[in-house]
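Work out the full structure, taking the sequences as your base and the hints as a guide.
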Amino acid sequence: MRRVLPLLALLALAALPAIAGKFYVELVAKIMIMAVFAMSLDLLVGVTGLVSLGHAAFFGLASYVVALAAPDSYTAANLWTSLPLAIAASALLAFAIGALVLRTRGVYFIMVTLAFSQMVYFVFHDTKIGGGSDGTYLYAKPEAKLGDWTLVDFGDSTQFYYTMLGLLILTFAFLRLVLASRFGHALAGIRSNEQRMRALGFNTYAYKLAAFTLAGAIAGLAGYFAAVQFGFVNPEMLSWHQSANVLLMVILGGLGNLFGAIVGAFAFILLQDLFSSLTKHWLLLMGGFVILVVMLLPGGLTRAGEAWRTWRMPARDA
Amino acid sequence: MLEPVLTAHNLTRRFGGVVAVDDVSLEIRHGEIHALIGPNGAGKSTLINLLAGELTPTSGTIALRGDPLPRARPHRRARLGVGRTFQRSNVFRDFSAFENCRLAAQAWLPRTWALHERASRCAVSGAAATRALAAVGLSARGDVLAEALSHGERRELEIAMCLATEPSVLLLDEPLAGMAAEESQRVLELLRQLKTGRAILLVEHDMDAVFAVADVITVMANGAVLASGSPQTVRNDVGVRDAYLGEPI
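Going down the list, the protein sequences come from chains A and B.
Read in order, the letters of the first sequence correspond to residues 1 to 318 in the working numbering.
Read in order, the letters of the second sequence correspond to residues 1 to 249 in the working numbering.
No lab work stands behind these hints: they were computed from the structure.
Hints may be right or wrong, so weigh each one.
Said to hold, decoys possible - Only some residues are given here: those of chain B computed to face chain A with a beta carbon under 7 angstroms:
hint	residue
1	Pro74
2	Phe92
3	Leu103
4	Ala104
5	Trp113
For every residue, glycine included, the Cβ atom is placed at its ideal position computed from N, Cα and C.
Here you go:
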């Protein structure tokens, strides 16, 4: 079951453009972008134990780089230069913010990540950079050309969809590698017991800063393609609502195993879509669903099987 | 005379108006078990935290092999070879016993940032973890989660993790607390073996154990050193008897 389900899901994703309409292809492409974003946050929240409420700052900054790297909003940016630039900008911002916020712990960490991301939000909201509070439209998508030959046309929703599927798989594979490496084990040690890690000789601050920067860079990767897909950028993309949404996705799906982040992103956005088509008070339904999951499945949706088994056969040795 | 490894000079640490450690000087020598005893609140744990770099002294200096140590940073001190255990078992509860030791051994390894290499296939830290578990007699329990170990086993794991980092100085904060008599004996035997080639500071409440293994005993009361010397000297010290108020030692 554990091996078959992800494979079936992957096959379904690969086949989707052949069987579903454009609306769903674009919706799922958007979900896969958010899944990459959620995985990057899972590296902090689930793996390292750093609950950040400011992760959208790195996502949104990269979105803005798409707009700012283009000569004007009618001329396409070059993928090969603008994508590395966007990731570097997000990584640099994450490094700078991380260097300061990682000196705090627990609830203070949550507060200062929120505060710093709101500072970034207001830089874009209150100045003329990137169109102020209205944001900017991008009429031309970045071009991925090799010489004169177009490698991928991001304007074509099927091609964009498969690019995002590839991005999702690559990010997942890369982060699994990170989790299995010595670096990943050290991060898990920090989540479990940071004081002990320091006593053993680990410079936990440096490890956390590296994780924070890496997570920021991957969030930037997601933010870049979000801007490409939506065709506009606005300050909402780096607001704290966005940070809270992605945190909810990770919690809904289950922390620490990356699968949860992907499942959470799908569940969150599909339900958002479903509930908002039912009623304009859909946020109530969404809130109720989140509460139900947290109460009934404390390990998130990906650990539903375990929760079901313990419910069927309550532990008697407790 | 054995060579001093870790030396504390006139260490003082205040918490507000309270002087937890008051002008303490101490030498921990190579090949010796140096026991630190004293009633609760005497400042023993604070002293260990100062030596391990967990706390910064208000005044005074700490030197390792003659070199003064810079400001308190626990991970730096651990890298220099000062290993410690904690009074309350402080292990990675959701890791297996073996994984606890492997992670500990990994602290020393270069190539920590080689992301493509699996930590579970690291031969060096794996071998160090196997050795450390064998040393404390936990070889058979390697796959058990730390939270599922018995209290005594967790105390032993605590020591094994410290050994896995291959320290030259061991700071042991009440390693025998809550252990069964049999387990205590095993740990004491281990300490006797470990002192060859290492310096050990042992904070312990079990007086029988202390007098059985210690080469030097320092007695603390109210943050200050009351007496220091061989077990025989300390046993006969009048001040020490007063501090323990008639408790036979």
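Hint check:
1. Pro74: holds (4 angstroms)
2. Phe92: Holds: closest Cβ of chain A sits about 4 angstroms from Phe92/B, inside 7 angstroms.
3. Leu103: holds (5 angstroms)
4. Ala104: holds (5 angstroms)
5. Trp113: Status holds, d = 6 angstroms.
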